[in-house]
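Once you've looked at the hints, dock chains E and S against the given chain B.
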Amino acid sequence: MSGAALAFEDISHHYGAGPDRVDVLVHVTFDVPAGTVACVVGPSGCGKSTLLSLAAGLARPSAGAVRWDGREVKLGPNFDLGMAFQQPGLFPWLTVRQNVAIGLRTRGKAKAEALATADEFLGTVGLSEFLDAYPSQLSGGMAQRVGIARALALRPRLLLMDEPFAAVDAFTRIKLQQELKALLRRYAPTVVFVTHDVSEAIVLGDVIVVMSQRPAGVQRIIPVTREDRDRSSASYARKLAEALACLGVTSGMGGE
Amino acid sequence: MSRMQREERAPVARYRWLAAWRDRVLLPLVGILLVAIVWQAVVMLYRLPLVVLPEPWAVVRTLAGLLPTVAFWRDVGVSLYEFAAGYATGVVLGVAVGLLLGESRTFRLTASPVIEALRFIVPFAWIPLTVLWFGTSYTGKIVLVAYAVFFVMTVSTTRSIMQVDPTLTRIGTMLGMGRMALALFVHLRAAAPAIASAARAAAAVGWIAVVAAEYIGASAGLGVMITNAATSLQTPTVIAGMIAMGLIGATVSAVVGWLARTRLDYR
Amino acid sequence: MTIAARRPAFVPGRAFLLGTLGVAVALGVWSLLAVLLAGGGGVINRLPAPLVVVTKLVAYARADLVRDLAASLRVFAAGWLIGVAAATLAGLLLGRVNVLGRIFLPVIEAIRPVSSIAWVPLSIVWFGFGLTSKVFLVGLAVFLVVIVYAVDGSRRIPTDVSRTASMLGMSARQGFLHLILPGTLAEVLIGARVSLMSGWGTVIVAELVAADAGLGAHLISVQQSYDVAAVVATMICFGASGFAMNALFTIVERRLMPWRRIHARELDG
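From first to last, the protein sequence lines are chains B, E and S.
Heads up: the first sequence runs through residues 1 to 256, numbered per my numbering.
Heads up: the second sequence runs through residues 1 to 267, numbered per my numbering.
Heads up: the third sequence runs through residues 1 to 269, numbered per my numbering.
So that you can see chain B by itself, here it is in the shape it has in the complex (with noise of 0.2 Å):
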């Protein structure tokens, strides 16, 4: 399950026509190589989520394509895709190992197989115990695992993250985190994750793209190597000194 380049050229995007239009992404160019992680930060309600519709084929760009394994993206479910949402969406009426399964019942897979596969992935985020629970007996970081777990089930080449992280308290985010972190090294599909948190997007991403205010488009992307992401490093520090100064925020030490 190897991914393949990610590309968007040249997006743009509004919503509303007339005097009611919204731009939200101007001239976004960025690409995402075979494998890799691209971490998207950017304020609030700078387009981010819109960025991973277009790329997931839920609408068309106003202007400019996206490119997925060199063809265009077209509208319409895409069986190389997972993603995984801020608010997990499992379907309350199946069971932890249902909600798995169910994306690869639509692809055709047979019921003993696809409810295998789900145990696995769900023994991979650790819930193994829950597999027959409801989405109403889970805990937030509980069910957003479930929701990783399903995406990932899908063994996409193209995994698309929207903040999946941000509801879930701060200790359960480290853990997932570092879960997700070895996931994806495993499995090495191409990602694109969304996220507020720029410290997140250096411990999980090789590259980060920061956007600017809406309207809005690439500001700066800035690669990451492997000893930005330990978190105790001084190159860590920097990382994020130069991401934070991107989005308008100083360090707020010495002389202002």
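For the record, the hints were derived by calculation from the structure and aren't laboratory data.
One or more hints might be untrue.
Just the calculated beta-carbon pair ranges, DEER-fashion [what the hints assert, rightly or not]:
no., chain 1, residue 1, chain 2, residue 2, range
1, E, Met162, S, Arg255, 26 to 32 Å
2, B, Ser12, E, Phe107, 50 to 56 Å
3, S, Met170, B, Ser62, 39 to 45 Å
4, E, Leu18, S, Leu248, 47 to 53 Å
5, S, Leu33, E, Met162, 51 to 57 Å
6, S, Leu17, B, Ala65, 31 to 37 Å
7, S, Ser31, E, Met162, 30 to 36 Å
With the Cβ distance kept under 8 Å, some of the chain S side facing chain E (calculated, not the full set) [stated by the list, open to error]:
no., residue
8, Gly19
9, Val23
10, Ala26
11, Ala49
12, Leu51
13, Val52
14, Leu100
15, Phe104
16, Pro113
17, Tyr226
18, Val231
SDA-like mimics (lysine to any residue), calculated; alpha carbons at most 20 Å apart, straight line [stated by the list, open to error]:
no., chain 1, residue 1, chain 2, residue 2
19, B, Lys109, E, Gly176
20, B, Lys111, E, Gly178
21, B, Lys111, E, Leu63
22, B, Lys74, B, Lys109
23, B, Lys109, E, Val114
24, B, Lys181, B, Lys74
25, B, Lys109, B, Phe79
Bear in mind the structure is a predicted one, so any value in this text is a computation, not a measurement.
All residues carry an ideal CB built from backbone N, CA and C; glycine is no exception.
Leaving out everything else, chains E and S in the frame of chain B:
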């Protein structure tokens, strides 16, 4: 239960079952007892003849007398049969059409004026027409119940489908579901609890429709029994019949509600 | 300064076009069935074409429609007003006096599902076939619908409003007049609208059984003379008047309480 009972201040959790017992059983019994007492008092004070208002005990005796008779259960059976057939038809068709209207804006806009117009012609207004068409046969009542139930279910289902959380739709699309799969496996399932409570309301409507239809033109059934008793001024039987009608209606609603809650409600 | 309304995402005409199409299709199917069944086959062997129905409708309008409609409306108006008034009083009483509420509300809840239809035979025994009987039935039906709203309204006072009241030092009487009563009446108004349809439906059932005067009586009489077209025409009259009442009520409501958003369908059925 009702809006009114929700207003009740909840006691400490330990005694909640006690409070529930008080609300659901004790107080209603007190109420019924009070009504019976007032009823009895009115009859005695005004020396009302049996024809106008029988004593509560006379009604109870009459009801007890009806229970072992074959005729009574045959009438009840006829009404229940007409209700069940019409209800099942109405629910299936109503949900199907409601789903279609909920999914497709085009269909909804097209059908809206017709539905709105028909809404004002209450099921009761259709009774003479069904009598003309189907005579006093069972078919007429079944059609009437089916119509009444169909209407309620279509409108409720459409509304419930339209109110499904759009996140679920997005998830389904992401998982690769097409429009039909989304409609059947996501929207319908998600709207199921709301549809189920509509089904419960529809059961009450349907039962009322059956009995009303039987008042106008029928050869057998609970409504016929009541009307006949009314014409021959057998008031105790009339009241006994009304009580039977109310009890059966409540039971049917409760059964539908129970089925709905256990099978469909995932909350 | 006016707030500009958002323009709809599609041309408004589309809804109108589709709606008209729907009506046209319905009428077309109707006409087709009328033609197909005219030969006398099948169960529904008497289905008049739309045009025939319209003719009957016009004839009826020229003849007795107004008289019958007036009779039905008289019954309805009397029953509805009495029902609403009684429900408001009872709602205030049962809602505010806790003891009374606890005793009688469960009884009312038990009686409510037993529709007014069940009371028709009893009403005939008590009041015969006349006006009183019908008014009683309509009043009962309306009462049972509105009482819930009245009780709710009498109990539900928004906390910030009541806090303002106690801050202003209102007496019990003032509190009643300025807080409880308006709150109750607002809810009663909502319930009154809901009860319009059940009340109007009860009128017709009462008249179907009593068959002495009104639209319902006319409906029965044309049914007994096997005049299918007239039956359908009368049904349409019934529906149209129901619609008109609803519309009228909405207009009055908007005038009286312009700050409320009017929900087109508070409750169905």
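Results for each hint:
no.: 1; hint: Met162(E) - Arg255(S): 26 to 32 Å; verdict: holds (31 Å)
no.: 2; hint: Ser12(B) - Phe107(E): 50 to 56 Å; verdict: violated (35 Å)
no.: 3; hint: Met170(S) - Ser62(B): 39 to 45 Å; verdict: violated (58 Å)
no.: 4; hint: Leu18(E) - Leu248(S): 47 to 53 Å; verdict: holds (49 Å)
no.: 5; hint: Leu33(S) - Met162(E): 51 to 57 Å; verdict: violated (31 Å)
no.: 6; hint: Leu17(S) - Ala65(B): 31 to 37 Å; verdict: holds (35 Å)
no.: 7; hint: Ser31(S) - Met162(E): 30 to 36 Å; verdict: holds (32 Å)
no.: 8; hint: Gly19; verdict: holds (4 Å)
no.: 9; hint: Val23; verdict: holds (5 Å)
no.: 10; hint: Ala26; verdict: holds (5 Å)
no.: 11; hint: Ala49; verdict: violated (15 Å)
no.: 12; hint: Leu51; verdict: violated (18 Å)
no.: 13; hint: Val52; verdict: violated (15 Å)
no.: 14; hint: Leu100; verdict: violated (11 Å)
no.: 15; hint: Phe104; verdict: holds (6 Å)
no.: 16; hint: Pro113; verdict: holds (6 Å)
no.: 17; hint: Tyr226; verdict: holds (7 Å)
no.: 18; hint: Val231; verdict: holds (5 Å)
no.: 19; hint: Lys109(B) - Gly176(E); verdict: holds (13 Å)
no.: 20; hint: Lys111(B) - Gly178(E); verdict: holds (19 Å)
no.: 21; hint: Lys111(B) - Leu63(E); verdict: violated (55 Å)
no.: 22; hint: Lys74(B) - Lys109(B); verdict: violated (24 Å)
no.: 23; hint: Lys109(B) - Val114(E); verdict: violated (44 Å)
no.: 24; hint: Lys181(B) - Lys74(B); verdict: violated (29 Å)
no.: 25; hint: Lys109(B) - Phe79(B); verdict: holds (13 Å)
Against the hints set out earlier in the document, violations occur for numbers 2, 3, 5, 11, 12, 13, 14, 21, 22, 23, 24.
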